[in-house]
Amino acid sequence: MFCDGAAALAGRASIRDVNCLDLLTATDIMLPKELKERLEAEIKHVEHPRELAVDVMFAIQDHYGYLSDAALAEAAAMLDMTPLELDELATFYTFTFREPVGKYVIHVCDSVVCWMNGYESVKDYLSRTLGVGLGETTADGLFTLLPVCCIGYCDRSPAMLVNRRVHGELTPEKIDEILETCRHKAAEGRTR
Amino acid sequence: MNEAQPDCRNQRHTMNNMYPQVLFKNRHPDRIATLEEYRAGGGYQALTEVVTRRSRHEVQEIILDAALLGRGGAAFPAGRKMMTIAADAPFPRYLVCNADEMEPGTFKDRVLIHADPHMLIEGIAITAWAVRAEKAVIFIRPEYENAARILEREIRIAAAAGYLGRGILGSDYGLEVVVHRSAGRYICGEVTAQLNALMGRRPNPKQPPPYATEKGLWGRPTLAHNVETLACLPHIVRNGAEWFKKLALTPTGAGTKIFAISGKVKRPGCYELPIGIRLSEIVEECAGGMLDGSEFKACLPGGASTGFLPRQHYHIEMDFDALKKAGNRLGTGAIMVFDHKTCLVAATLNLMEFFARESCGWCTPCREGLPYIRDLLARIEAGEGEAEFVPMLEEMKVHLYRSYCAFAPGAAAPLESLLAHFNEEIQEHIRGKRCPFKKEPGPEAAGWVKPRYIA
Numbered sequence: 001m002f003c004d005g006a007a008a009l010a011g012r013a014s015i016r017d018v019n020c021l022d023l024l025t026a027t028d029i030m031l032p033k034e035l036k037e038r039l040e041a042e043i044k045h046v047e048h049p050r051e052l053a054v055d056v057m058f059a060i061q062d063h064y065g066y067l068s069d070a071a072l073a074e075a076a077a078m079l080d081m082t083p084l085e086l087d088e089l090a091t092f093y094t095f096t097f098r099e100p101v102g103k104y105v106i107h108v109c110d111s112v113v114c115w116m117n118g119y120e121s122v123k124d125y126l127s128r129t130l131g132v133g134l135g136e137t138t139a140d141g142l143f144t145l146l147p148v149c150c151i152g153y154c155d156r157s158p159a160m161l162v163n164r165r166v167h168g169e170l171t172p173e174k175i176d177e178i179l180e181t182c183r184h185k186a187a188e189g190r191t192r
Numbered sequence: 001m002n003e004a005q006p007d008c009r010n011q012r013h014t015m016n017n018m019y020p021q022v023l024f025k026n027r028h029p030d031r032i033a034t035l036e037e038y039r040a041g042g043g044y045q046a047l048t049e050v051v052t053r054r055s056r057h058e059v060q061e062i063i064l065d066a067a068l069l070g071r072g073g074a075a076f077p078a079g080r081k082m083m084t085i086a087a088d089a090p091f092p093r094y095l096v097c098n099a100d101e102m103e104p105g106t107f108k109d110r111v112l113i114h115a116d117p118h119m120l121i122e123g124i125a126i127t128a129w130a131v132r133a134e135k136a137v138i139f140i141r142p143e144y145e146n147a148a149r150i151l152e153r154e155i156r157i158a159a160a161a162g163y164l165g166r167g168i169l170g171s172d173y174g175l176e177v178v179v180h181r182s183a184g185r186y187i188c189g190e191v192t193a194q195l196n197a198l199m200g201r202r203p204n205p206k207q208p209p210p211y212a213t214e215k216g217l218w219g220r221p222t223l224a225h226n227v228e229t230l231a232c233l234p235h236i237v238r239n240g241a242e243w244f245k246k247l248a249l250t251p252t253g254a255g256t257k258i259f260a261i262s263g264k265v266k267r268p269g270c271y272e273l274p275i276g277i278r279l280s281e282i283v284e285e286c287a288g289g290m291l292d293g294s295e296f297k298a299c300l301p302g303g304a305s306t307g308f309l310p311r312q313h314y315h316i317e318m319d320f321d322a323l324k325k326a327g328n329r330l331g332t333g334a335i336m337v338f339d340h341k342t343c344l345v346a347a348t349l350n351l352m353e354f355f356a357r358e359s360c361g362w363c364t365p366c367r368e369g370l371p372y373i374r375d376l377l378a379r380i381e382a383g384e385g386e387a388e389f390v391p392m393l394e395e396m397k398v399h400l401y402r403s404y405c406a407f408a409p410g411a412a413a414p415l416e417s418l419l420a421h422f423n424e425e426i427q428e429h430i431r432g433k434r435c436p437f438k439k440e441p442g443p444e445a446a447g448w449v450k451p452r453y454i455a
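Sequences listed follow chains U and D, in order.
With the working numbering applied, the first sequence covers 1 to 192.
With the working numbering applied, the second sequence covers 1 to 455.
Mixed in with the good hints there might be a few duds.
So the derived label-pair ranges between C-beta atoms look like this [said to hold, decoys possible]:
#, chain 1, residue 1, chain 2, residue 2, range
1, U, Glu177, D, Glu395, 47 to 53 angstroms
2, D, Pro391, U, His63, 49 to 55 angstroms
3, D, Asp375, U, Ser127, 28 to 34 angstroms
4, D, Arg267, U, Asp176, 23 to 29 angstroms
5, D, Tyr211, U, Glu177, 47 to 53 angstroms
6, U, Gly133, D, Pro391, 32 to 38 angstroms
7, U, Thr138, D, Lys266, 57 to 63 angstroms
8, U, Ser127, D, Asp292, 27 to 33 angstroms
9, D, Gly293, U, Asp176, 45 to 51 angstroms
10, U, Glu180, D, Asp30, 24 to 30 angstroms
11, U, Gly133, D, Gly327, 47 to 53 angstroms
12, U, Thr138, D, Arg267, 34 to 40 angstroms
By construction, these hints were calculated from the structure, which means they are not laboratory data.
Backbone N, C-alpha and C define an ideal beta-carbon position, used for all residues, glycine too.
Between the sequences and the hints, there should be enough to build the whole structure, so can you do that?
In structure tokens form, the structure reads like this:
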């Protein structure tokens, strides 16, 4: 995926820079056969392939960790869309990533209820513990810290998501425990 | 997340509710209601009755008579919306169930799905039948993955029992129900944006006409309803419009409402209560009152797109009509309570930050106006505000109403009410060149704010 590294250095990964695809060998951009066949079967089952755009992006992102230019191009081909059309979606949604992210993406809710119940403390604690600011990834590639709007767990605020799973009523101890569990899983080679 | 498990912790505050429980009647503290339990309480009787004995027009009439207003925030009469699908409208027709629920403060649909998924499924089936839709799509936010899995599982169970799929209950009517996961953006809750999202297009709203009921999903007639609205349907059909209207405490209201209360109260959570119940009763009886040392200052009565309701309305009847008379809206019924120690300039700044970030960016008043407002508020909050900022905010607020969809006018609501009811608080910031609510930085300021749920 070196073309994305270059694009990231240039500021923003760009799907319009299709020439970079030529730099990749076929195996670099090929999804595993099993995953590809599963997605193709699902696409075949629906009337309009593009209605599965989000599902396909999620599946590919779960595999690669993020949506690289090459992965996006491959997904677009399956969905009968142009890479640009799919990029319009990939850059729009909160939970699709066009740049490399950590193995665990932490989204801290900063909307009004969490805000009044200690969002700042949660964010500061995570920042201090992980040594990164919002929008950054830890040096070991394990955690990315991001803000997110209301996640619908106001009754358990302050709350955050780790790889889209919710954790509420956060305390420093609880956050330590959550991070520890992630590190443990990562050491064992599991993501979720 | 291997198994679709009920989200039990959100139900721990099931109170001794003295009011009739309709939508939450099968709500258990620790698990979802099964198909058998739902059926034992009369579940799927309404669907059986409509497909075998009622005409479509009759069902639409009952819903109209019941004065069921949309529970997703807009309060549009559900019966009237159904009737806008013309009798001779082309096929296929679609029903979209909006389970996106991204309005800040709102979590009622999540709790409802986790409590009794079949109630929603029956509501979908009845509504789809009433407009002869052959496919229903449940649009759900990605944070609700558990709810999505519960629905997928229970849809299969309902289909196996003959309530969905081909030839429902021996009739010639068939319905397919699918779950569509979003990848998360607030604007996807807006119906035209949601339809774009469902079609794999960038979810920018579109200004009608054509309306969705005429040309919606894939250019076909499409009816869209909120989860809670649909869940009311089986009860109205089974018990009649009069019964439903009488559930409300006010003559102008109809039915019950799930109020999701959060903020500076002792027991935040979801409570099913009659429309027209007093705000003070919800805060004191259901939510256990204000936190110790906190006094009620204001609340947002129905999500981030409603205005701050000041203390003078503490005993207001929570009815669409009463809130309207107070210059506010019932919205989604998500009550967010602010106490006397919370700065409402900072709260509005937070809300504007939310709206500015979530704007789809399509039209100018919204894309440009919201960051402008946010910056003015940020400067006021930081003690850099000037007297002319207030008329600037007043002017900018008007521009928000010139946008394509309801997003920016929704964002205007909290700002408008801040200017109307808490002008003195803004002035205090400007005069004192600091936020009067911020303590001088001390040793505790850098520390942890202890969450109040931890004893």
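Verification of the hints:
At roughly 50 angstroms, the beta carbons of Glu177 of chain U and Glu395 of chain D sit within the given window of 47 to 53 angstroms. Remark: the range hint 49 to 55 angstroms for Pro391 of chain D to His63 of chain U is upheld by a beta-carbon distance near 54 angstroms. At roughly 24 angstroms, the beta-carbon separation of Asp375 of chain D and Ser127 of chain U lies outside the given 28 to 34 angstroms, and the hint is violated. Distance hint check for Arg267 of chain D and Asp176 of chain U: the Cβ-Cβ separation is about 27 angstroms, which falls inside the suggested range of 23 to 29 angstroms.
Checked against the hint of 47 to 53 angstroms, the pair Tyr211 of chain D and Glu177 of chain U passes, with Cβ atoms roughly 50 angstroms apart. Range check, Gly133 of chain U to Pro391 of chain D: about 36 angstroms between beta-carbon atoms, so the 32 to 38 angstroms window is met. At roughly 37 angstroms, the beta-carbon separation of Thr138 of chain U and Lys266 of chain D lies outside the given 57 to 63 angstroms, and the hint is violated. For the pair Ser127 of chain U and Asp292 of chain D, the beta carbons lie near 30 angstroms from each other, so the given range of 27 to 33 angstroms is met.
The hint said 45 to 51 angstroms for the Cβ distance between Gly293 of chain D and Asp176 of chain U, and at roughly 28 angstroms that hint is violated. Between Glu180 of chain U and Asp30 of chain D, the C-beta spacing of about 27 angstroms keeps the proposed range 24 to 30 angstroms intact. Here the CB-CB span from Gly133 of chain U to Gly327 of chain D is close to 41 angstroms, at odds with the stated 47 to 53 angstroms. Hint check: Thr138 of chain U to Arg267 of chain D, Cβ distance near 37 angstroms, so the stated range 34 to 40 angstroms holds.
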